[in-house]
Amino acid sequence: MTSHQFEDENNHRWQRLEEVIDAVETKQPHEDIERLPTLFRQICHDLSIAQHRLYDSAIIDRLNRLAIAGYRTLERRLSGGWDRLAHLILREFPQTVRQEKKLFWFNTLLFWAPFFFFAIWTPHDPEWAMRLLGPEGMVSMESMYGSHTSPQDYMREEFGSNFMMFAFYIYNNVGIDLRTFAGGLLAGIGTLFIVLFNGAHIGAATGYVHHACNPHTFYSFVAGHSAPELMGVVISGMAGMRLGLSLIHPGPHDRRTSLVLGGRRALLLILGACILTSIAAVIEGFWSANPMSPWIKYTFGAIVWSLTIAYLGFCGRRSHAA
Amino acid sequence: MTSPNALADTLQTVELADGVEIQLRVAGPAIRSLAWTIDACIAIACYIAAAIVMGMLGVFGMENVWEGALLLFMFFFNWFYNVFFEMTRHGATPGQRFMGIKVASVNGGPVRLPQSLIRNLLRFIDFMPAFYLFGFLSTLCNQRFQRLGDLVADTVVVYADPKPANPLRVQINATPQPSPHPLSRPEQAAILQFIERAPLWSDDRRIELANLLSPLTGATGPEGLRRLYAIGLYLRQGHPSKKS
Chain D
1 MTSHQFEDEN NHRWQRLEEV IDAVETKQPH EDIERLPTLF RQICHDLSIA QHRLYDSAII
61 DRLNRLAIAG YRTLERRLSG GWDRLAHLIL REFPQTVRQE KKLFWFNTLL FWAPFFFFAI
121 WTPHDPEWAM RLLGPEGMVS MESMYGSHTS PQDYMREEFG SNFMMFAFYI YNNVGIDLRT
181 FAGGLLAGIG TLFIVLFNGA HIGAATGYVH HACNPHTFYS FVAGHSAPEL MGVVISGMAG
241 MRLGLSLIHP GPHDRRTSLV LGGRRALLLI LGACILTSIA AVIEGFWSAN PMSPWIKYTF
301 GAIVWSLTIA YLGFCGRRSH AA
Chain Z
323 MTSPNALADT LQTVELADGV EIQLRVAGPA IRSLAWTIDA CIAIACYIAA AIVMGMLGVF
383 GMENVWEGAL LLFMFFFNWF YNVFFEMTRH GATPGQRFMG IKVASVNGGP VRLPQSLIRN
443 LLRFIDFMPA FYLFGFLSTL CNQRFQRLGD LVADTVVVYA DPKPANPLRV QINATPQPSP
503 HPLSRPEQAA ILQFIERAPL WSDDRRIELA NLLSPLTGAT GPEGLRRLYA IGLYLRQGHP
563 SKKS
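For the record, the sequence lines run as chains D and Z. Here the working numbering is used: position 114 in the first sequence is 114, and no number is missing along the way. Here the working numbering is used: position 176 in the second sequence is 498, and no number is missing along the way.
Rather than coming from a laboratory, the hints here were simulated on the basis of the structure. Remember, it's a predicted structure, so these values are computed and weren't measured experimentally. A hint or two may mislead.
Covered by chain Z, per the in silico footprint, the following chain D stretches (three or more residues, Cβ under 8 Å) [unchecked claim]:
no.	stretch
1	46 to 53
2	60 to 72
3	163 to 174
4	249 to 261
Now the in silico label distances, taken between C-beta atoms and shown as ranges [to be verified]:
no.	chain 1	residue 1	chain 2	residue 2	range
5	Z	Gly380	D	Leu74	46 to 52 Å
6	D	Ala187	Z	Trp523	45 to 51 Å
7	Z	Gly383	D	Ala187	46 to 52 Å
Idealized CB from N, CA, C, for every residue including glycine.
Taking the hints into account, I'd like the entire structure generated from these sequences.
Now the structure itself:
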């Protein structure tokens, strides 16, 4: 059978599939839509035959194009939408954090060790912290938490500036989370550096407050949003390290497969971290600067810390009944 | 038709679950850079437009709100512009659509949201240290022109429409003749492609190529070309006396 005969004989089927695919693409009803899988299988068969018999490249190209289009149409799936997001937040994300225990403790250490070092060391020897913060950083620290301030001051005048700060925290902090994740692809070194630096910088700021500002103002400001924000930093570090480890220690898989699998897990972690950091941005934008008794803020902060830990520690655990 | 160790080729063979092999035409760094340049221009235009609009709205008060809105806009635009467009049914940003390329899974299926997120968040690394140097090096180091983000997300950038069918049908006048030697399948395929594409070339070029096959045809010049045509026609339609 020559190419032309083959084409003449089967052309009607190919056109049928083309029509069905067009109908699906343009979301129009088509009588044969139920037959799409059958038509697709036939195309695959025809393509194999055409390839095997070395038919004209025009025919092979056309069948190849149809097979790809058919495959894409069949494979099109609506994303899960809100259900999927709820599943991610309530189950997959906290479960993954618990499964990656070693990475969690590693990043916790990576962040909190430099934090505590600088927070405790700075009041005795503020030189390093001053270097880290830079003159601008010190000025802004003093204007926010300086010794002349009290926790009950209005820190921002109006809703507008609250919203602006919220937007800034999303832009800046979630952006840092995403970079921490991406840095994992540099064999984890980018992530290591960002998490360490973050810990050192926040630690230096805390230490500097003890050295030159009013710690009461500082702690009552950060109490509310510290839990989700700092957990977000640690977990985006986990996401980056997951990616980096898949690259440098592929385990039983080849490196490419290991990266793909690690990437999927890392994506779960970074999405969760971004959600935590966004929650922190809402709290920091609209709550933390309010003039209220510091004890209210400390209580609120304690509640948020317990909720965060309970969420990560217990959410999505299978009940014994299930 | 191609062995796993074949030379680098923009045609990448992928086996579907149904056991059939499809061929994807992967897009190289050059056309992708052009698409990226278009998208970058669009992004700059959008940033400027957004800054002007927010600035004008600021005249009516609440500057802080508009400034915040601008920051949010920049955040989402910066990180999720590509994700947004890759999730449309074209699977391509405006720049990619203009250049006729799109993003697909390595298996030829449409790109999914998690894949799109991964490849675009990792774009940050591909861009490093400047202007996609890492991404460019990565595309040169693998067969499918994947940048680092593509490798992790298991995606490729392909031509949206594989090259359009060539309607050219020129009658070749020669009497089909079997080949004097048995030909392997790749050899048969090469000769078939030769007679398919020969009408597009000049006479000199056809003869030049046919001369390479003089060990097979046993002749050079126009006579060699004629014999090559005869073998090709035989492969394509069988012997005239034989029923097809």
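Structure-based check of each hint:
1. Residue count for the stretch 46 to 53 of chain D with a Cβ under 8 Å from a Cβ of chain Z: 3. That meets the three needed, and the coverage hint holds.
2. Note: the stretch 60 to 72 of chain D has 8 residues with beta-carbon separation from chain Z under 8 Å; the three-residue rule is met and the coverage holds.
3. Note: the stretch 163 to 174 of chain D has 9 residues with beta-carbon separation from chain Z under 8 Å; the three-residue rule is met and the coverage holds.
4. Look at the stretch 249 to 261 of chain D against chain Z: 3 of its residues bring a Cβ nearer than 8 Å to a Cβ of that chain, three or more, so the hint holds.
5. About 50 Å separates the C-beta atoms of Gly380(Z) and Leu74(D), a value consistent with the hinted range of 46 to 52 Å.
6. With their beta carbons about 50 Å apart, Ala187(D) and Trp523(Z) fall inside the hinted range of 45 to 51 Å.
7. Range check, Gly383(Z) to Ala187(D): about 50 Å between beta-carbon atoms, so the 46 to 52 Å window is met.
Consistency note: the structure conflicts with none of the earlier hints.
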